[in-house]
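S.K.: Using the sequences provided together with the hints, build the complete structure.
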Amino acid sequence: MSDTVQNYVPGEYPDQPPPIGQRGIMLWLKTNLFSSWINTLMTLFSIYLLYLIVPPLLNWTVFDAVINATSRAECREIDTGACWAFIANRINILTYGFYPDESQWRVNLSFVLLIAALVPVLFDNVPFRKFGLIYAVAYPFIAGWLLLGGLGLEPVGTDEFGGMMLNTIVGVTGITFSLPLGIALALGRQSHLPIVRTVSICFIEFIRGVPLITLLFVASTMLNYFLPPGTTFDLLLRVLIMVTLFASGYIAEVVRGGLQSIPNGQYEAANSMGLKYWQSMRLVILPQALKVSIPGIVNTFIGLFKDTTLVLIIGLLDVLGIGRSSLADTKWNGLSNEVYISIAIFFFIACFGMSRYSIYLEGKLEKGHKR
Amino acid sequence: MSTTTADLDADSRSAISKLWHNREARSVILQILTMALLIGFFAFIISNAVSNLAAVGKTFSYDFLGEPASYDINQTLIDYTSRDTHLRAGLVGLLNTGLVAICGVILATILGFILGIFRLSPNYLLNRISYAFVEFTRNVPVLLHILLIHGIVVHSLPHPKIAKDDFNIGDMFFLSNRGVYAPKPIMEDLFWFVIIAFFIGIAFTLWFRKYARKVQDATGKIYPVFWIGMAAIFGFPVIVYLVTGTPLTWDAPVFGRFNFQGGMVILPEFMALWLALSLYTAAFIAEIVRAGILSVSHGQWEAAAALGIRRGRILNLVIIPQALRVIVPPLTSQYLNLTKNSSLAIAIGYMDIVATLGGISLMQTGKEMETMLLVIAVYLSISLLISAFMNWYNQRIKLVER
Amino acid sequence: MKKSTLFSAAAAAVMAFGSTVATAATLDDVKKNGELRCIVSTGLPGFAYTDANGVYQGFDADFCRATAAAVLGDANKVKFIPATGKTRFTLLNSGEGDVLWRNTTWTFVRDADVKTTFVGVNYYDGQGFMVPKALGVKSAKELGGATVCIQTGTTTELNLADYFRTNKISYEPVPIEDSEEARKNYLAGRCDVYTTDASGLAASRAVFDNPKDHIILPEIISKEPLGPVVRHGDDQWSDIIRWTYNAVVAAEELGITQANVMEMAKGTNNPEINRMLGTEGDLGAMLGLNKDWVVKILSSVGNYSEIFNRHIGPDTEIGLERGLNALWTNGGLQYTPPFR
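Residue numbers (our numbering), protein chains in the order written: chain A, 1 to 371; chain B, 1001 to 1402; chain C, 2001 to 2340.
It is possible that part of the hints are untrue.
Taking lysine-lysine and the DSSO-like style, the derived pairs with C-alpha atoms no more than 27 Å apart in a straight line are [to be verified]: (1) B/1161 / C/2133; (2) C/2141 / B/1161; (3) A/331 / C/2079; (4) B/1164 / C/2138.
Calculated from the structure, these hints are not laboratory results.
M.R.: See below:
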């Protein structure tokens, strides 16, 4: 009896591969694209959509595009697609505006320094973070000196600022200076002093209730009327003030969200340690609240960065403004799609990158808070 | 909170310092300070404004609102000619703002929900396409969208001359770079009955829903409220329309010497602004919807299924109400953003309130202070209204939660 | 104001110390700043536009340079402030620009109510219509039902409303912020008609791919005297602008050109030339300027006909005839009071 039993020896009969429809690409296709008739329909619809959009787009942007030409007429002679030669021709002015050529290294340097200043703020596991943070606080002053000149550098007027550089300056300055203001407003909104609270709420609701463009109009047309007679200052500075006020309203709400996410126990614990209001805020509440708020702050910055294009409506020549005004050049008349699409790509890369970072951060925070 | 330790060395401190260390006193001082600063600030800027205006010889007055505007507006929802006042021009602009905001909100919501659901679709291609679309749209400034779409509408749609033959749907609808032309309904007297029937249908549906719920509570019997409601709201007016002898005629656009005449038109500026705002906002709504649906835990589906509820009713009774709680607050703020972003109309020449009152009227009268303050006040009231509605709605949803 | 404080100071701090006096005496401000802040168009071919190097060129831009040459002795010390039709007066009134050279029409309301002072007319213009030849339109009266592109915030917008109203013609206005956008929309067929000052029409047509496919209709429906504008209440400054313009016109009348001004500045037999160029008496001092102010103007930009011909004259792409802008001696309207 025992010798009739066939003992199974592992490996004696090698495993059959799964049926062709249950593995590899076929399985993937089946589960992801053709799992039901409605899914199949959707797939076909998607393929049709891609067919409609992708080939003409690729032809226009890549295969039929012209990179080397000196005028639109020449572009049209060479091929039918996009005339990127125009962008190549204008890339310098689109990036730096009217900033003097020989000083453009200063813009580049301030940008590199900006990245260096952001690293200790955004990532908490870098060495010497404390010094990094001190440097980050000092950065706006360094950048101001680099960009405007003085103290040994050739002075450059703010009217020569333009292009992507201007967008970056307005965005970064707005968010930097709005942070302290926004935190103060958020604390004010939570304050137990009724007048302070009312003032903060009114300010925040006012800022969030009106479009940025009207504030910019105020900056460009009315602000001078509100200053002591005979006072006037730079349009860019006025815009920066307005953008800072605008951003602070939004930052305040983000920080308020962070403050509300701190459990009451933390406030009580700080109180029971005998900490005064400012001590408990500085040592216990704000460090936690701000950490939670960083993704929101980054999102606010993305929004603000996109909104910096609005300055073109009041006559500042940001990247979109320069793009639009260079369309007036008779040699390159009528190339608006090329201009707008390149600027769109620029914004997409910048904002998408930042939003990825904010999502990464959200994920990290979520992990940190899971108990 | 004046503690005993504070009392002990009270003598060594001045009266001010004592006050400062008294919590109630300090809060009063702080608030008085804030108030004083605020009043001082406003007094400062107002006195500056008064003396600056006097210096250039201008006065602050809203009298110009009663004077003829002298300019024409291409899209007017109410009667307007160049002899009407600046106030009326402003009103025309305000209505245009309202129109694009409402149309934008509707389209953005529809698109946003579709995209949000596509983003959750198990279909890989659909999922990726909507992902790419959402990410590209929301990471590009809305002003750029407006300019780009306006450029495309104006440059790639055909001239009316071509459109009248090639982009012609039944001699009724024409698609051209001057806009989309459609027949205009002209109501005859009897049409009022149809409108009344429509409202009767709504009233009936509201009553029927209440009644059906009562019946369900009492007997467990479920009426198809949705379908009956649809029939009442849309079917009934159609019957009345046919019975009264179709009291509605259509005025179709006809090509004149330059352009289509008659009918209704959606101008390219409106179209560009509407589409750009809708697409941009839809991308944000898609993410909100996705997050909202994901926020309802899978356990809810399973629990509802375990109770033997059908899939459609699970969605209706369990999932959507919970998802909406997460969706509605950010959704309203997106609606608010859309309304505020409609002020970018000025970049392409859509005649909203910023373009009429804050633009041409400002320019022709030189009253920048008055017009800008008015425009700001209008936007502020719109936002406060929407916020108030949002708070009301949130309260309502919260009650449902209990 | 110290520019280096711009970024480093918080808003409140800047309000306290970052200030300059702008309203009192414009001349002193300009001298103190060392540059003339000149408000020009955002981009109108021939009149004011930026070339590939981002430098402003054109008829109006040259008048800015002439002003800077007269006041500061250097035609390059100009800061150009681009303005749309909408923002120009606010920029001027809020003290952000010192003078406005931006094909701006002199009207009663602008002079009296918007509180600006018009000091002369450097270009006599009138509003016209441009249509594609293919439409076969011969007169503006045939434009019933047409779609018309206009620049908002200009007098043309009001003229248009009045003209069509008095002639009982219906039309659809398409308001557009600047001339570049207007051109683009017109070419794309967004509108049948483009209306603006006749000079602007010619300037726009010049940059089209096929200028011959478009005609400018014979009707000129308005008077558009375009000239420089300054703020109300600074008489010395308005005198300077007025006489800068007068000097440029008088130079053409007297035959002084960019080429021969240095020669003539050494002294001529014509006392008026001598007075103008500062070899006899000191007219400049009466305006608060240097003795050689006219020499500086003419050596940097030349006389009226030189400026005209360089940017918008018959030999340029714009190809405008002198017409009303010929000297009064040639049957035009350009006329200057005597330098005496």
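S.K.: Give a verdict on every hint.
M.R.: For each hint, the structure was consulted:
| no. | hint | in the structure |
| --- | --- | --- |
| 1 | B/1161 / C/2133 | holds (15 Å) |
| 2 | C/2141 / B/1161 | holds (21 Å) |
| 3 | A/331 / C/2079 | holds (25 Å) |
| 4 | B/1164 / C/2138 | holds (24 Å) |
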